[in-house]
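J.: Listed below are the residues making up each chain.
There are 2 protein chains.
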Amino acid sequence: MADSRLTILGCGSAKPTKTTSPSGQLVDLHDKRFLVDCGEGVLLTMQRLGIRTGRLYSIFISHLHGDHCFGLIGLLTTLSMLKRTQPMHIYAQPDLQKLLQPLLDYHCADRQYDIVFHPINPRKHEVIYRDRTVSVETIPLKHGVPTCGFLFCETRRVKKEDGSFDHVTRKKYAYCSDTQYSEKIVPVIDGVETLYHESTFLQSMEERSKEVKHSTAADAAKIAALAHAGKLILGHYSARVEDHSLFLDEAKPIFENTILAEENDVIEL
Amino acid sequence: MADSRLTILGCGSAKPTKTTSPSGQLVDLHDKRFLVDCGEGVLLTMQRLGIRTGRLYSIFISHLHGDHCFGLIGLLTTLSMLKRTQPMHIYAQPDLQKLLQPLLDYHCADRQYDIVFHPINPRKHEVIYRDRTVSVETIPLKHGVPTCGFLFCETRRVKKEDGSFDHVTRKKYAYCSDTQYSEKIVPVIDGVETLYHESTFLQSMEERSKEVKHSTAADAAKIAALAHAGKLILGHYSARVEDHSLFLDEAKPIFENTILAEENDVIEL
Numbered sequence: 018m019a020d021s022r023l024t025i026l027g028c029g030s031a032k033p034t035k036t037t038s039p040s041g042q043l044v045d046l047h048d049k050r051f052l053v054d055c056g057e058g059v060l061l062t063m064q065r066l067g068i069r070t071g072r073l074y075s076i077f078i079s080h081l082h083g084d085h086c087f088g089l090i091g092l093l094t095t096l097s098m099l100k101r102t103q104p105m106h107i108y109a110q111p112d113l114q115k116l117l118q119p120l121l122d123y124h125c126a127d128r129q130y131d132i133v134f135h136p137i138n139p140r141k142h143e144v145i146y147r148d149r150t151v152s153v154e155t156i157p158l159k160h161g162v163p164t165c166g167f168l169f170c171e172t173r174r175v176k177k178e179d180g181s182f183d184h185v186t187r188k189k190y191a192y193c194s195d196t197q198y199s200e201k202i203v204p205v206i207d208g209v210e211t212l213y214h215e216s217t218f219l220q221s222m223e224e225r226s227k228e229v230k231h232s233t234a235a236d237a238a239k240i241a242a243l244a245h246a247g248k249l250i251l252g253h254y255s256a257r258v259e260d261h262s263l264f265l266d267e268a269k270p271i272f273e274n275t276i277l278a279e280e281n282d283v284i285e286l
Numbered sequence: 018m019a020d021s022r023l024t025i026l027g028c029g030s031a032k033p034t035k036t037t038s039p040s041g042q043l044v045d046l047h048d049k050r051f052l053v054d055c056g057e058g059v060l061l062t063m064q065r066l067g068i069r070t071g072r073l074y075s076i077f078i079s080h081l082h083g084d085h086c087f088g089l090i091g092l093l094t095t096l097s098m099l100k101r102t103q104p105m106h107i108y109a110q111p112d113l114q115k116l117l118q119p120l121l122d123y124h125c126a127d128r129q130y131d132i133v134f135h136p137i138n139p140r141k142h143e144v145i146y147r148d149r150t151v152s153v154e155t156i157p158l159k160h161g162v163p164t165c166g167f168l169f170c171e172t173r174r175v176k177k178e179d180g181s182f183d184h185v186t187r188k189k190y191a192y193c194s195d196t197q198y199s200e201k202i203v204p205v206i207d208g209v210e211t212l213y214h215e216s217t218f219l220q221s222m223e224e225r226s227k228e229v230k231h232s233t234a235a236d237a238a239k240i241a242a243l244a245h246a247g248k249l250i251l252g253h254y255s256a257r258v259e260d261h262s263l264f265l266d267e268a269k270p271i272f273e274n275t276i277l278a279e280e281n282d283v284i285e286l
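Residue numbers (my numbering), protein chains in the order written: chain H, 18 to 286; chain B, 18 to 286.
These are computed hints drawn from the structure, not numbers from a lab.
Careful, some of the hints might be misleading.
The list cannot tell twin chains apart, which means a pair is met if one copy fits it or any two copies do.
Keeping only pairs whose Cα atoms sit at most 30 Å apart, straight-line, the calculated DSS-like set for lysine-lysine is [to be verified]:
#, residue 1, residue 2
1, Lys-177, Lys-230
2, Lys-100, Lys-227
3, Lys-141, Lys-159
4, Lys-100, Lys-188
5, Lys-35, Lys-100
6, Lys-201, Lys-35
7, Lys-32, Lys-239
8, Lys-100, Lys-115
9, Lys-115, Lys-32
10, Lys-100, Lys-159
11, Lys-159, Lys-248
12, Lys-100, Lys-230
13, Lys-100, Lys-32
14, Lys-100, Lys-176
15, Lys-115, Lys-177
16, Lys-35, Lys-176
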């Protein structure tokens, strides 16, 4: 997966801070570009980084808390101003369309491209997207509202002895945000090369973490270890923790190959 | 107006660029803080600058193009997370409430503060806000959709000979965005100390400017001269113009005391 990389557009939690914006990341798998979550500012960060939207065809939204979807209307309106003609596919819970449609009708009625909503069920583990080289599966998570992560699988066609073809998974990337500690996800993400797992709180804030159904850095590391992940990326930091290295300090003793997501980071997958 | 200043939170036009975000600015008049327009990213910029929202009671929205209002839902939701209890007053065209209400009901139903919508008529010049030391008037503008600017007047109580009090205007700040060249606004803003006038295009793009009902830098300077403004601030730059000093070059020969708005700028009023 030489050309495959992750670009962190936002890795803060709901309250933005001096250094973090709400959630959003680009998953580039060879010639495919996927946007995962779209909090406020995601478009602005893409523009600052000079990232083009032409190859972006699909958007995946984990849940409908504002810090994961408030940037959508600005993005979709801007694509219209950029004279986009190719369809945009949005994979999200049905409520998103209900909320977005009136805004699109008002602000973006003259767009020259189709927006195709694909309703997903966050409680079910299933394949929601598949093309020749990539498939995407939902990862049911445990959060205050229905939420799912996404498992990106890069696949390769392999010729079988009888001459037919099989799709073999080469590498996997799992996005798990937002969620409290949940071992139920382990079988779904087992063997994943790269795992992004939310790490909103530190150990000292464990009680708060359970209350609002988020994870600590140690929770994320435990899941990475149980799932035999290759690498763990922490993110979705609480606004209360200015020094993100504290998250790393708590995760590394449990899962050594852990790194911090920081905005504008580009991470090889 | 020693403590009075303007903070530029966003001064780009609809398409964000590497250096500009959509419109938004804070008007601080003594102990009062007003937000004018709220494009995507305005909250993020406030957080980056360490600006507190506690003293912000009133928001004025010039028109309902997305680059002037898409940041509202994120701001209002965040205020709820910050446990705000004091009411927020929003002065805008009635359509804004229609668009925002479903989002507020879904994302921000448990907020502990009231949002009070004050419908305004952008076609009429009238006082829409008045307290002991500040009044705000609408400035009807000419744009693709109904739009008004806002005239902030700092007033002072003066004791009259008969012992009663009168309110005398001390200083004025006019926000005029978005608009094409319109001399109709001159009587309304005449004698204003500081004028922010949109300057989306350069002279070479004049045709485009008229087509989309925006102004050139020269248009802004002509209005400033006709209105005997003290100072002109340019903003709302087209994404096509990277070097903002070109706007200054075209405005200064017509109105010398012109400056450029740039994001994060704090300008004394």
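J.: Taking each numbered hint in turn, which are not upheld by the structure, reported in ascending numerical order?
T.: 1, 4, 6, 14, 15, 16
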